[in-house]
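Colleague: These protein sequence lines are chains Z and Y, in that order.
The working numbering numbers the first residue of the first sequence as 48 and each following residue consecutively.
The working numbering numbers the first residue of the second sequence as 48 and each following residue consecutively.
Hints in this document: simulated from the structure, not taken from any laboratory.
Since we're looking at a predicted model, the values are computed, not measured.
It cannot be assumed that every hint is accurate.
Pairs involving identical chains hold if they fit within one copy or between any two copies, as the list cannot separate such chains.
To be verified - Listed below are the simulated DMTMM-like cross-link pairs for lysine to aspartate or glutamate, each with C-alpha atoms no more than 25 Å apart in a straight line:
hint : residue 1 : residue 2
1    : LYS303    : GLU314
2    : LYS144    : GLU189
3    : LYS460    : GLU167
4    : LYS551    : GLU501
5    : LYS81     : ASP134
2 protein chains.
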Amino acid sequence: MNYSSTFIPTLREVPADAVIASHILMFRSGMIRKLANGLFAYLPLGLRSFRKVENIIRQEMNAAGALEIKPTVVLPGEIWKESGRWDSMGEGMLRVKNRLDNDFVVSPTAEEAVTAIVREELSSYRQLPLNLYQINTKFRDEIRPRYGLMRGREFIMKDAYSFHRDDESLDETYQRMGRAYRRIFKRCGLSVIPVKADSGAMGGSGSEEFMVESNIGDNTLILCKKCDYAANVEKAECAGDHADQTQSAETPLYEKIDTPGVKTIDELCAFLNTSPQTFIKTLIFRAVNVELDLSGAPGCSALSKNDNAVYPEAFFAAAIRGDLDVNETKLAALLKAGEVSLASDSDILRLTNAPVGFAGPVGLNSLPLIADQSVVLMKDAVTGALAKDLHYRHVAYGRDFTSWMTGDLRTVKSGDICTVCGGELYEKKGNELGHIFKLGYKYTSSMKVSYLDENGKSAIPIMGCYGIGVDRTLASIIEEHHDEAGIIWPVSVAPYHVIIIPIKYDAQVKTAADRLATELEEAGIEVLLDDRSERPGVKFNDADLLGIPWRVVIGDKGLAQPSPQIEIKRRSEKESRTVDLDKAAEELVQKIMEELRN
Amino acid sequence: MNYSSTFIPTLREVPADAVIASHILMFRSGMIRKLANGLFAYLPLGLRSFRKVENIIRQEMNAAGALEIKPTVVLPGEIWKESGRWDSMGEGMLRVKNRLDNDFVVSPTAEEAVTAIVREELSSYRQLPLNLYQINTKFRDEIRPRYGLMRGREFIMKDAYSFHRDDESLDETYQRMGRAYRRIFKRCGLSVIPVKADSGAMGGSGSEEFMVESNIGDNTLILCKKCDYAANVEKAECAGDHADQTQSAETPLYEKIDTPGVKTIDELCAFLNTSPQTFIKTLIFRAVNVELDLSGAPGCSALSKNDNAVYPEAFFAAAIRGDLDVNETKLAALLKAGEVSLASDSDILRLTNAPVGFAGPVGLNSLPLIADQSVVLMKDAVTGALAKDLHYRHVAYGRDFTSWMTGDLRTVKSGDICTVCGGELYEKKGNELGHIFKLGYKYTSSMKVSYLDENGKSAIPIMGCYGIGVDRTLASIIEEHHDEAGIIWPVSVAPYHVIIIPIKYDAQVKTAADRLATELEEAGIEVLLDDRSERPGVKFNDADLLGIPWRVVIGDKGLAQPSPQIEIKRRSEKESRTVDLDKAAEELVQKIMEELRN
Chain Z
48 MNYSSTFIPT
58 LREVPADAVI
68 ASHILMFRSG
78 MIRKLANGLF
88 AYLPLGLRSF
98 RKVENIIRQE
108 MNAAGALEIK
118 PTVVLPGEIW
128 KESGRWDSMG
138 EGMLRVKNRL
148 DNDFVVSPTA
158 EEAVTAIVRE
168 ELSSYRQLPL
178 NLYQINTKFR
188 DEIRPRYGLM
198 RGREFIMKDA
208 YSFHRDDESL
218 DETYQRMGRA
228 YRRIFKRCGL
238 SVIPVKADSG
248 AMGGSGSEEF
258 MVESNIGDNT
268 LILCKKCDYA
278 ANVEKAECAG
288 DHADQTQSAE
298 TPLYEKIDTP
308 GVKTIDELCA
318 FLNTSPQTFI
328 KTLIFRAVNV
338 ELDLSGAPGC
348 SALSKNDNAV
358 YPEAFFAAAI
368 RGDLDVNETK
378 LAALLKAGEV
388 SLASDSDILR
398 LTNAPVGFAG
408 PVGLNSLPLI
418 ADQSVVLMKD
428 AVTGALAKDL
438 HYRHVAYGRD
448 FTSWMTGDLR
458 TVKSGDICTV
468 CGGELYEKKG
478 NELGHIFKLG
488 YKYTSSMKVS
498 YLDENGKSAI
508 PIMGCYGIGV
518 DRTLASIIEE
528 HHDEAGIIWP
538 VSVAPYHVII
548 IPIKYDAQVK
558 TAADRLATEL
568 EEAGIEVLLD
578 DRSERPGVKF
588 NDADLLGIPW
598 RVVIGDKGLA
608 QPSPQIEIKR
618 RSEKESRTVD
628 LDKAAEELVQ
638 KIMEELRN
Chain Y
48 MNYSSTFIPT
58 LREVPADAVI
68 ASHILMFRSG
78 MIRKLANGLF
88 AYLPLGLRSF
98 RKVENIIRQE
108 MNAAGALEIK
118 PTVVLPGEIW
128 KESGRWDSMG
138 EGMLRVKNRL
148 DNDFVVSPTA
158 EEAVTAIVRE
168 ELSSYRQLPL
178 NLYQINTKFR
188 DEIRPRYGLM
198 RGREFIMKDA
208 YSFHRDDESL
218 DETYQRMGRA
228 YRRIFKRCGL
238 SVIPVKADSG
248 AMGGSGSEEF
258 MVESNIGDNT
268 LILCKKCDYA
278 ANVEKAECAG
288 DHADQTQSAE
298 TPLYEKIDTP
308 GVKTIDELCA
318 FLNTSPQTFI
328 KTLIFRAVNV
338 ELDLSGAPGC
348 SALSKNDNAV
358 YPEAFFAAAI
368 RGDLDVNETK
378 LAALLKAGEV
388 SLASDSDILR
398 LTNAPVGFAG
408 PVGLNSLPLI
418 ADQSVVLMKD
428 AVTGALAKDL
438 HYRHVAYGRD
448 FTSWMTGDLR
458 TVKSGDICTV
468 CGGELYEKKG
478 NELGHIFKLG
488 YKYTSSMKVS
498 YLDENGKSAI
508 PIMGCYGIGV
518 DRTLASIIEE
528 HHDEAGIIWP
538 VSVAPYHVII
548 IPIKYDAQVK
558 TAADRLATEL
568 EEAGIEVLLD
578 DRSERPGVKF
588 NDADLLGIPW
598 RVVIGDKGLA
608 QPSPQIEIKR
618 RSEKESRTVD
628 LDKAAEELVQ
638 KIMEELRN
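Sequences and hints are given; from them, build the entire structure.
Modeller: Have a look at this one:
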């Protein structure tokens, strides 16, 4: 392809709203342009690399036995009402009514669409397992889209949905998808950190996220300094620490203490001259769409499940050691709730009979208490006393109160102890490129999918779900592969493999450049020939900016040698070297093909 | 690919709403499924053929020098307001507000998006011509979507937009696109009829549609029995006919005649005992968004152009010979109007001072009169007299009235005379697959695109626009290539090239089938191996339904021959023949590759 026949509007300036390398470099190299906030158009150069990432994903998905389909981007609202997500998805989902007043959704994800398709066709266990995927347009109405393709409103995702007879079959596909994802990111030249993750609003359990380190990342990763433990903070676990052991063996009977005007843990520490580790913090949460069975739970006798088999609203108390924080994602997962958030002051007053700051587990009968594991070990603790300006001390778990449920609610932090090896944990910011997770029966059950098993009995299939953001993967490649002059593409995803720069595109230089381009293209190498009448410096700068892996420079001086010479340079290396014009094509083809095979 | 490893849910029954072959067969063969009215999901088999059509289009576009880009599907409303189409596009365009109250459009077409991109980048004449295309999702909110993919709400279009310095450059690209379109449809095995067309709401002039004959077609085509004249009825012209010659040479002075209770042409014919050819029919039209300059036109002194340089509303009278019909598309083109429709009864009363049925050209000063060419020749005509129950006779054009404008308003019908060769014209129903047209300056002017020409002066580029409906092209291939048993794919767009049917997938038959499949696949042939444990009859029926071009049957009997035999059959032929198992792969590869090269 001649440079003048394509459309690569490079820029010297950095767009005002671009702060990260991929955003800056994709703009400057003419790969993308902005149509509106969070809406980007790929120009020809950008689309070439985009398609390569897309095709790597497609190849690996096909190789792993997944089957490509293409549902529409605009989906009927009905199926979202069936699954219950019409209500639960929030304002990030773009809803639209057409002229006939039908509800539609501009697809943010496709569990419902694929489940609806499979529901109609599935009849026998012989059709399972089935793994369907699409590579298609998605829309999420980000309030604050930014960082270019990293957090756009419209984007392309590969999303796969698998259906299975049992957990073993699901696990087999889940593991296979995990391996495919590792190959995909490796082929794209990306260093990803696979981390254990909570599956969030998608429902279900058993999930792994594929993260790239990024200081603008949405996610906090918890990593171990000694072993390869890695988890999203939403899911990360840690071992009990020394603070758990500091309780006295024999605890006096608990007693009231007056704590006038003391509300926060810090104030209480100062007042009692002790440390937060000796307190039990009790927080009141409001949960929506709770799947967990609450029949018989304290204060829940008036609650009942709605048509979607969930409790629309329920309140819980969560108790945790005073120096620790409750992880709302873990709490939501434990409760099988759509969302969990701190209750309002008025709800707290109504439920605890006391203003904010005086909730405590002793005598709390108005709602179910969930105790973090840190609390279970506490034998001589200070707690709120369910009344203004009043606390208890010498409170012991098991003697003075028990919980309706115990679990791991703790937000893990740098310095906590690894459950696997006892090493020290630390934090990193990360961006999620891919996510695989076991969905369970959430959609197949709510949308009533069934098949006949080997015994002719009706059964519900179990689902898995596997996504990769294609644009974000592309942008992340640039984040990892660039320098101050521009992009440094891995060969596998480079828009062209070779850029040929004739010092002046004329006479014998033109002849040599054209011939080399033809030889390379006939061997399957993608060539950009810079035929512009620009100064060599401009061409070199653009070549560095565009990041084509191999640069060939052809000039009169080299061609005048007894055996005509040209100059070859890798974008990733500083030095160029001269090679015989006649041998250049062969060498380049060999090296590029070798890298593409890897 | 083994049949049992993919997902091809074939059906015996025909879906209730499917009435045309492509809709029925794509459902029955498991190519597509319906998500909602007008919204279809491609299943794996359908997507394979879809991608082949898409790639043929992509290859031919690239070969013709067009550059692929990818704007978003959801586009900002602002650019539609700039072009004026936010108002003029009607309810077929899906508009949506996001949570921040920004206006968006789910893209029905992309003139605005591409023009907005080019506007930012275009600076010099050296960047022109530029031809950018996308293959992307579109949405049009059809009130009554039907015929499966033929008229869906969401669909995939290839749309290209070219920018030029002058008419010559535009024409060069326009012609090249026309040639590319002919190659695309030929490679897809389609017989298309290229017809002259009106460019409709897109604006501009100079356009060609690529039609396939279809009795459910939206379009009426006018074709000549003698020459290759072909035009959309919206644009078709015909020669004057004998009726134009029947007027008397000398016409008496015109006079009033009482026509009590006579309103229609038929009633008038009966009343005067004559034929419709002797009447001048005068119709009142309301036109919106008129670009034509109306300053000085009768009754238009109060009108003025709005911000988009159009008259939002204007009224016109159109006069035509009594036996002919006014073609609203032609009238709109003549007036450079966004849309033209018959005026309401109350507007007619206000403008003609008479109830509906008595409008006439004599003394009509309240609005501009557009006369069809048929009227210009009339020297002794009957017309309405602008008063209830009153007509004139002996009316002559030029003597008793003239028009503000004359033109071709006539709707051409079967039996009219070809302007090219004098042959007889006839009608056909057709479906539009592609459309190329010269847009002119509509978007570059309203959206203020400019560049510096060779003399350093600011100039506005002229545009062309070129679309193909990918889904509709795919469905049309099935319309043209099927029989009562199923689809008969051309090799170029077949989901697989060969289907191998082992009579029983076991022992030596399995070994032979697997080996043949491997040999073919290694040679680049796409194979579907029917490994199901179904009866041979079921497999044969499914193979015919799926329409794979080559069928191979392998059974114990053939393999038991001294030189093992298998059976080969083309889907398009009745008879099969036996070939040596050892030579089958070579023969199939050779034949298929030969067809793919064509």
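Colleague: Could you tell me which of the hints above the structure violates, numbers in ascending order?
Modeller: Hint 3 contradicted; others consistent.
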